[in-house]
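Those sequence lines, one after another, are chains U and B.
The first sequence begins at 1 in our numbering and counts up one residue at a time.
The second sequence begins at 1 in our numbering and counts up one residue at a time.
For the record, the hints were derived by calculation from the structure and aren't laboratory data.
A few of these clues could be false.
Claimed, not checked - Calculated lysine to aspartate or glutamate pairs in the DMTMM-like style (CA-CA distance at most 20 Å, straight line):
1. B:Lys146 with U:Glu189
2. B:Lys172 with U:Asp122
3. B:Lys234 with U:Glu263
4. B:Lys86 with B:Glu145
5. B:Lys301 with U:Glu195
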Amino acid sequence: MSIQSGSVAAVDHTKFSSGWTKLLWPVWAIFLIAGIAGVFMRITHGHNLAGYGSYVPWGLWIGVYFVGVGISGGAFILGTLGYLFGVQGFSRNSDLRISIILSVSGLLPAFLGVWLDLGRMDRMMNILIHPSFTSMMAFNAWMYNIFLIIAALTWFLSFRDSSPWLKPLLILGMFFSILFPSQSGVFFEAVRTNEFWRSPLLSMLFFVSAITLGGASLLFVRSAMLKKSATSEDLSALDSALNILRATTLIGLLVYVVFEFAEFSITFWNPGAHSPNVEFLLFGDYRIVFWGIHLGLGVVVPFLMLSTGNTRLWVIASLLSIIGFGAARLCILIPGQVVGQIPGIQEAFQDPRLSYVYHITTMEYLVVLLMIAVGMTVFYVGSLLNKFFESSSGAR
Amino acid sequence: MKKVSEIMDRREFIKAGGLVGVGVAAAGAVIVKDRTGLSTEDSTGEKTAKNVNTLKNLKPQAGEDDHVRMQRELETALSKPVEKRKWIMVIDTRKCVGCQACTIGCVAENKLPPGVVYRPVIQREVGEYPNVSLHFLPRPCMQCEKPSCVPVCPVKATWKRPDGVVVIDYDKCIGCRYCLNACPYAARTSDFGRLYTSGEASGAPEGNQRPIFGAPAPWEAVPSYEYGKSWNRKDHGSPVGNARKCHFCLHRLEVGLLPTCVTTCIGRATYFGDSNDPQSLVTNLITKYNVQTLLPHWDNKPNCYYIV
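Just chain B, with the same shape it has in the complex (with noise of 0.2 Å):
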């Protein structure tokens, strides 16, 4: 056995701390450069604004319903620049009945596949007979302020967009789930590329209206339009194989429309708006109760608040 300084020659061992060093060097800067990168790939500033005026013959009143002021107060943070709004969703858990009217409006609004769900609705039994109660819990993405889910992303395939809701590129995306076991929320589900007539389906008809070992049915190829473009399933086309989540929505806003949950809610239970507008419904509703996110310990600082 050699030793220590018969390894090598004084010119091999500059050679070696040379490569080395520049190895650590090369390594420290692009994680300098991605972790401190403000790089967005999204437009800002005045062009973002949109004028969406669908509410003009409705003047402002007084007790107006919940849902025409959302809806107004949603127009008026599209006139602003993208990086001027905040999304936020407010959940009232004393509303919600538990009939997953938001769950299922979400997966008509985003043709999402089995196995894939968005915006679940957890029931929760409290109490002991006869004291017994049903707590509803309704678990979109939280939109965190500080979310997990980014930085672990290997291609920069999801992103926290200015005006907070956390998106992810269909196109960029490898499916490597690593996000999914980086979400604490369970907010992030993978597309396994399944479909409700087809073989592996679980739950899906018998007989007829399940053609097995033929083409799936036809409203299986159907698109969706989320973040504002046409994804069609077919021929393991984006987003099959990708992860998918909540967006809020983002392509309905865009339009002037609030999310479907908000919508469908039967209850009113779900509220959703700019936090930036200090005049807002969900300002007053966060301002005026005491309310909670879920799982604050991990300070992702969720976006998303319950009125409990």
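Isolated chain U (complex conformation) (with noise of 0.2 Å):
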């Protein structure tokens, strides 16, 4: 592993002008076609071919849009930090701006999800216009919109030569991108009555895993967006972008698994802590999500992948990293509905809804690919944006 300060490790450029970006079209195809039928099956049978019920009230999507959250929050973050600090392959206004749209690509599919997920589809506006602030969701509801303004103004600044509102409005959507990510594990910890949940290490666990989903997803897009005709200044920039965004994953990762090991540690040595929602998750049904998707899949094999100076490697490490977060988000999400408090209620009344058991089913999965491909769209469009406008002010 070489992660290098002042100089930059030299990247391995014909390693990602190979052609490889040419399949994220049939990829996105396949999840635009596949996920408008799960929202056709949606839209048709309402909620009933879906896993969740009043029990296990929330599923996948909502694992998912959380994902959206962090990608949003850190590349944000990131970009800023980048930006005002004047780091190489960061400080052109163009890198500042992908990084904008990045995240604006990370939060409206998260919208998508959540509003799929929703009752009332038919009423989302009314958590902006009647909300109740004592709520978490309302105050996050106002926080994503108010950043989404944010990032707008900032985009459109970005393209003028020099704009005194431009650095002071990128600290304030700072200010919500750190803010809204770790608030995200409020959302949880503000169930009073969970015990799983109740653990103020949520929000770090959040904010830990949104600079991280951020750094894998900058990654992921500076690498697929090199153009065989960049210019040397070009290559330069994106070996330093390259080399940050690589550091900042592995740290992440690492960082996120110290905060989780102290979280669940003390079921080891504290038998009495030892909880069923805790039990389900090490060593239950969901030991697979745990130890092989979120652990393995997620943390283990990025790291090993980024840790070679293979720059292939690496996109398919922050994808993985990707795949890993949503894992990890699922195995807060869902251990900490799947245990009753009234033993036996289950039995009480039985029915399909009224169950603590959770399978993802089909159509929730085909609605998450729809979600994906929302978001690759929001990217490549905002992509589109930003050439036609450097290309017809001139901007960097």
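Hey, can you piece these two chains together into the complex? The hints should help.
Listed below in structure tokens is the structure:
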């Protein structure tokens, strides 16, 4: 592993320009078509084809929603910090715009997932029109929308040669992008009657995962956006950016695991704290999601890949860590819901929707594919707009 | 990489500080306002007192039936302003025989669709053969004094009324199910819009009785009258998509009727009344017996008591 500060490790660009990004088109098309099928199922059958119910009220879409929020916050924080501090690879306005576009691309699909999850999709705007700020959900909804406005303003101002409002607005945007991923942890902590969720570490876990997700997703898109026509200045900036993002992702993965160990290690030393939720997660039905997908595929494998100098592996590692954080979100979300507090309630009145068992259904998976396709679309359209305005205004 | 002093000039720094400061102040203000706000949509005062006198020809007498007594006390409570009443429920688990009449009565009264239940009766087998017994525990909404479901609602669709009943405004609820997760008693269920006679109905009768591909049976469209309004689930009307819960049959209380689960209880195990009335049957019961509440460690302070 060679993470250098000051001078950056040279990146083998030939591995980026081998045309692998062309794969993204069929992936996008498949995800879009499959996702539309999923939404069709959702619209025509309501929630009846979903795995969640009244006792496990939130499922996969909410988990993926928090991944989108993390990507959004993390990408904005990293892009802004790099821009403000003039870090090579982040210091140009065009670099900043990539982070802003990615940030919006993470947030909009997250909204889509939550919207489809609502029982009354027609009343979505109530959360903005009649909010109750005692609820973290309303607070987050407002923060996301203010953040989107700030992101749009900073994106617009970034095309100007020098705007006295760009940096102040970036600071404000960064303030929100620190706030909303960490407050996503409070979203769970605020449920004071849930032993599993009532941990102050959740905010830190969500914040660290946001930074890591931001690093990993920026690493992916910055690699994907390299053109054969890139100038030596572009290549040098990319070298710097990729090395920094790789280091950010590596450190983020480590810190997340340390926090997670702090969260769960108590159960090993204090048998009394061995709750059924933790049992379910570490040794029960969710052990494959936790040990296999989250820790194995999402932490260990990306860590090893990022430790090599093989840049193609970095791209794969970034994708795997994003998937791993999706699993990590489910490892918080689902175990917190599958253990009822009133023994026998599930058997008292039997119905498929009154069960503490949750299995993700085909419809839920398909809708997630649409969320990804929408994110890809927003990013692509944003990139096209970047190019269009850069060429028409001569902005850098 | 720039030094910290090179990041922005003083003017930009002041602007950034101002923007963040305004953001923090605004966030703090709205949170404090909503946290301390005592606003309620419910009317209070003398105009909320009701004169319901169905027992005018039946004079109070010693040893009268518990239901008659509760009915009389209900009418007395209704004659007071709403904020002077406090509805509570007392369940004598020693009398409950697990017949589920209250569960079914509630389903019929509130037109509950599949998967929505307000008052399940939990059955627990205790001991080992031959020393074995069955225990039953009806579980309505606890109408908590400090309900954990209320503050998490993002749209002010649920609140605690002055008489202690936690209610849901079906016209406001967006169906986010945050309150379902916040209730430790699992007393809230989501109305996913299912029908007993449609394709997805589990346990629906087969053959002609199950018009899977046709219109649902006409009785599915019979409205419920929860909260004193007519709710028709046809065409995805509320409460489809909403959170739903027991409300102590508020629509019945308002017209001088005891909750359905009280009147359908064959063992007379469920008592209901005004705990602000020191002479009421429920007040007598909770002071006479060593009553318990469910999950007291969460400090929700339930208003449903169990005699065990």
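Taking the numbered hints from earlier one at a time, note which ones the structure violates and give those numbers from smallest to largest.
Hint 3 contradicted; others consistent.
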